[in-house]
Structures are given as C-alpha cells and as structure tokens.
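Chain by chain, the residues:
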Amino acid sequence: MGIHFREVSFHYPQNQLTFYQAIADITLQIAKQDEFICLIGRTGSGKSTLAQHMNALLLPTEGSVEIFGSLITNKRDKKINYNLLRKHVGLVFQFPEYQLFEETVEKDIMFGPLNFHVPPEQAKQIASETIKLVGLDETYLKRNPFNLSGGEKKRVSIAGILAFDPDILVLDEPTSGLDPQGKIQMMELFKAIQAKTGKSIIIITHDMDLVYEHASRVIVLHDGSLIYDESPEVLFRRGDLEQFHLQYPNTIKVLSALRDRFGLDLDIYQKNLPDALLAIKKAVAR
Amino acid sequence: MSHIDIRDMSFTYTGKRMILKDINLQIEQGEWVAILGHNGSGKSTLAKTLVGLLEPAQGTVAIAGTIITPETTPAIRKQIGIVFQNPDNQFVGVTVRDDIAFGMENLCVSREEMLERIAFFAKKVGMEKYLDKEPASLSGGQKQRVAIAGILAMQTGIMIFDEATSMLDPYAREDLMKYIRQLHQEGLTIIMITHEIEEALLADRLVIMKEGKIFADGRKEELLKQPEVFAQSALVMPLALQMAMQLDDEATFGEVKAFLWESTFAK
Ligand SMILES: Nc1ncnc2c1ncn2[C@@H]1O[C@H](COP(=O)(O)OP(=O)(O)OP(=O)(O)O)[C@@H](O)[C@H]1O
Ligand SMILES: Nc1ncnc2c1ncn2[C@@H]1O[C@H](COP(=O)(O)OP(=O)(O)OP(=O)(O)O)[C@@H](O)[C@H]1O
Ligand SMILES: [Mg+2]
Ligand SMILES: [Mg+2]
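Which chain is which? The protein sequence lines are V and H, in order. Every letter in the first sequence is one number past the one before it in our numbering, and letter 263, counting from 1, is 263. Residues are numbered in our numbering as their position in the second sequence, beginning at 1, plus a constant of 1000.
Quick caveat, the hints were computed from the structure, so don't treat them as lab data. Each hint should be verified, as a subset may be incorrect.
Covered stretches of chain V, going by a simulated chain H footprint (3 or more residues, C-beta under 8 Å) [what the hints assert, rightly or not]:
no.: 1; region: 38–46
no.: 2; region: 52–66
no.: 3; region: 74–84
no.: 4; region: 156–167
no.: 5; region: 193–199
no.: 6; region: 244–252
Below, a list of computed lysine to aspartate or glutamate pairs in the DMTMM-like style, where the Cα atoms sit at most 25 Å apart [to be verified]:
no.: 7; chain 1: V; residue 1: K132; chain 2: H; residue 2: D1204
no.: 8; chain 1: H; residue 1: K1133; chain 2: V; residue 2: E62
no.: 9; chain 1: H; residue 1: K1225; chain 2: V; residue 2: D137
no.: 10; chain 1: H; residue 1: K1210; chain 2: V; residue 2: E188
no.: 11; chain 1: V; residue 1: K253; chain 2: H; residue 2: D1204
Backbone N, C-alpha and C fix where the C-beta goes; we use that ideal spot for every residue, glycine too.
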C-alpha cells in the first residue's frame, strides 16, 4: 500500500480559541502503482490541505495517514524519518513561489537530489536533463527563478520534484499557468513517466477535460468531505455536479448541444476529439 | 487618440535581452481584449508597462491621452486597475478586508463608500465570510477571489486581469465572467490575459503574443479561421472548432459544422 488515510480530519488554528476544519473524516487508499487520480472540488474544498497530508507536510489533527508503511498521526514520531517520506511522495505545490528559493534554477532543481544524497556532479546532470523535460532549455539553468514568468516558474517547480524521482507524484494544479500546448505536453510527460515506471500520480485540477481524458479515478471533495471516489465515466454521468460547483467536460457539453439541436442518436460520453468525431460520424450516418 | 496607445515600445529587464520588441497596440474605450501567448511571451511584462510599474526602454505608452512617466503614474493608477498573476503580490494588509480596501485608498473614496464597496465586492466574489481572515491563510482560489475583489472595488475605467481566474473552480469562473460582461456592457475597457481559449472567446478581440512581439491581432471571428496562427503560438483551437474543421465532408456535415461555429461565438 502506498498511502492510506484513516478517518483523517485536519484543523487549521484560527486564533487561540477557535479552529477551522479544512478536511473531515477522510478515509481513502492510494496504491503505489498504476493509479491516475484526479482530486477535484470547488475553491476552498480542502484539496491542497489533503495533498499536504500525503507526504506528512501536515499532520492529521485526528485519524492517521500511513505513508509507505510509516504511520503518521498527530504526534511527531522520532522513529519516523519524515525526510525520507518526501522521497516516497513528491509534492508539487499549487504556487511555485512556495517551492523556489535558491538563487539559480539549477540549484533549485538540484536541491532534491542533493537532499537525497545524489553526488553533486550527477545532480547537475539530472538538472540539465529535467529542465528539458518540462519544456525549457538549458539556458534557464543559470537564471534566477524569481525572474521568470508565471508559467516558467511552474515548469521549474515541477522539474524540482521530478528530479529526485519520487515513488508517487502529487501535483497541485500542475497545469494552471501553462500555455495550452505546454499543458498537453506536460500531461504527456506525466503519462510517459507512468507508462515507464508505473508510479501512481495524483493531480489536483479544475480542468474537467483533463480529468475526463486522463483520470482512471476521481476523488471529489466538498466542504472538506469526500463525496465521490469513482471513475470519471461514472462521475460525469451524474446530474448533480453543478451543486458542488463542478462542471462537465467540453466534449460532453459540445456533443450534448449537437444531440439536442439535431435530435441525433449520439453517444455524448467521449473523452477526446478523435472519439468525439467518430461518434458524430456514426450518429449522422444513422 | 486611442484609450490605450502603445507606440514603438520596447522593454528590457536586464539592459541586454529585449523582452518586448517594438510593440504597437491601440485599444479603444469599451473594448474587451484577450491577450494570449506562450509562457514567457511577454504578456505580464506588457501589462505592467500599462500601469507604469515597468518603464519602456523605447517608445511610449499613453492612457487616455497621457503618456506614462514617473510623474504621471500616480494619476494613471486611478484609471487602471490590475489583478496580478500571483495574488500574493497584491496582498499587503493583515486581513482580507484591508486588502480589498487597499486599492481604494488612493482614490479619495469616502470611508462610508469604502465600507459599502468592501461588503458588496466581497459578496460578489463569495468571500464575505472571510473578511477578518489573514490573506495568507486562504486557499489558492480564495486568494484569487480577494485579489479580484480589490480591483473591482476600485471601479477604474480600465481593468486588467492577468490570469486572474487560473485557480478558480469552473462555477466561480463563470460567475465572474458574467460580472465582467456586465461591466463591459457598462462601457469599461477590459484586458484579459489568459491561457483558456474558452475565456478568451468572451472578448471581441484577440491579441496573440509570441517571443516579445505581437504575433496576431484581430477580431476573434477572423483569427479563428486561421488555425496556423494558433498552432504557431502554443495555442489550441476551441474544441467545437477543432471538430468542425475535421468534419471536412461539407455535403454530409454542413449543418453540423455551421452549428459548431455558431455555438462557439454565441456566448
Ligand atoms: N493556513 C491556513 N490557516 C487557516 N485556514 C486555512 C489555511 N490554509 C487553508 N485554510 C482554509 O482551509 C480551507 C481549505 O483550503 P485548501 O487550500 O485545502 O483548499 P483547496 O481545495 O486547495 O482550494 P483551491 O482550489 O482554492 O486551491 C479553505 O477554506 C481555507 O480558507
Ligand atoms: N524580473 C525579471 N527579470 C528578468 N527577466 C524576466 C523577469 N520577469 C520576466 N522575465 C522574462 O521575460 C519574459 C517574459 O515574461 P512575462 O512574465 O512577461 O511572460 P508571460 O507572457 O506573462 O508568461 P506566462 O504565460 O508564463 O505568465 C520571460 O522569458 C521571462 O523569463
Ligand atoms: Mg488548493
Ligand atoms: Mg504572465
């Protein structure tokens, strides 16, 4: 088992007297291998809070999280190597600014490998390979990460996690701020990593097209509670998503508009453009 | 004289590499313009020159007839508000309330009026329950909502949104777009930097940047007939149009294609 949440709740302290419950009674399991999970839910529903439990950046107020065999609870346990948990589970933050702190991009990307005792020369080598994976060239290595554009920062922050090759990847809105072709390439990169290594990947996103096309499992949070944990096929056939401030993927929206306009016998549940085109051709032929 | 008038403008951060190269761009009062382009193409840099945060190396930027200089910048800032790409860059106050108030403080808004606007715009973005919270303790999308409320509350004639909705849920995004449309109908000039083509389609005019230059500029109906322009600038066409273009058999799919085009622009 990779990560196992058991009845986890988390409270942010508000002031001395009160607290804010960001997630409530979450139970869920994530396998080490072959999961492609999207974690979705409206603004403030608790997604980033949940993600930060996956590598013990936050400790549960109640309940426990088992991460690669280590049982994480409210109390810090001296026997647990928390640093090592981060090698198991790599987390890319929602805001790259929270993750970038060195004076060059190269040092930022090398930080993870060095932290996990990769020799400096090899870490340097890894940095120049990884920067290219995220769509930037090697000239960026000498740049100051704070003087990059928003999308460039995002790419560097993703490179910084890929560089130390964690066993599971948790990515908090990894495509927000990327240009459209960059977004497609980044998803292809994640897919390729999974195809090659089998690593489980968890992505937080508001992009329903991405969810429908790529996820094998979708977890939906609402007001801190887990309300659905199912396949995208099941989720997007539900009629009640708007009440949770969610939406339907574009393929479904466009196909259902076509179906209604022309009274076509059209299967609207298509995940990508080629399948959608096939469905239209079939329906028109009928 | 255009409302926003950029002439032969170039910009460099370091003194060496030019980031914006010879930009000419005129935007009329009441226009809604979407700015698109690959990461690092210069969109945010351009936006910052429009509010006098960055000074051109060459050329000029004028707002309503006044060229932006260090002397004119304070007056210009009263006419043009910007939501930054990273909301943290906008937060200075201890509470959400302070941050929404901040932009209004230089605008000679009376205290009463200010309180009214804070209440109104906090509600508009769904953050009315968070007014006493610290901005640092908000979720990503909540931060963006607060940053947006701060600019809306300034009620400037020109508003720039630099990827201001990138972390909003689809529902919140739609809600905000409805409101921006209303502002547009009231005559405001809207500049929206975005990677979301569906969002850009709400504008009348698309400006596409590439490597520090304006690569394409025109009405969306015209630009969308040129898929090569999109392909060359890291963009992707709206899904419905991709479908229409690939259903090439006119005799069979004519009506379907026409509908796909219409529905793309019927927003
Ligand atoms: N440091 C903090 N202190 C107090 N409350 C917090 C803190 N961080 C988050 N919260 C609150 O906890 C709730 C969940 O926040 P979280 O960041 O997990 O949401 P999210 O689902 O990631 O939202 P978004 O889509 O906007 O990023 C929010 O209501 C937020 O205001
Ligand atoms: N402070 C800075 N110092 C030096 N170079 C910078 C600075 N800020 C940005 N740049 C560079 O200027 C170019 C344009 O950056 P800008 O932020 O305007 O891009 P953008 O179009 O907004 O991109 P994105 O879509 O990623 O937000 C980029 O190549 C970036 O690396
Ligand atoms: Mg979040
Ligand atoms: Mg930018």
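Consistency of the hints with the structure:
1. 38–46: This one holds; 4 residues, not fewer than the three required, reach chain H with a Cβ under 8 Å.
2. 52–66: Coverage by chain H is violated for the region 52–66 of chain V (0 residues, Cβ < 8 Å).
3. 74–84: This one is violated; 0 residues, fewer than the three required, reach chain H with a Cβ under 8 Å.
4. 156–167: violated (count 0)
5. 193–199: violated (count 0)
6. 244–252: holds (count 5)
7. V:K132 <-> H:D1204: 36 Å, violated
8. H:K1133 <-> V:E62: 24 Å, holds
9. H:K1225 <-> V:D137: 32 Å, violated
10. H:K1210 <-> V:E188: 23 Å, holds
11. V:K253 <-> H:D1204: The hint holds at about 23 Å.
The structure does not agree with the numbered hints 2, 3, 4, 5, 7, 9 stated previously, though it agrees with the rest.
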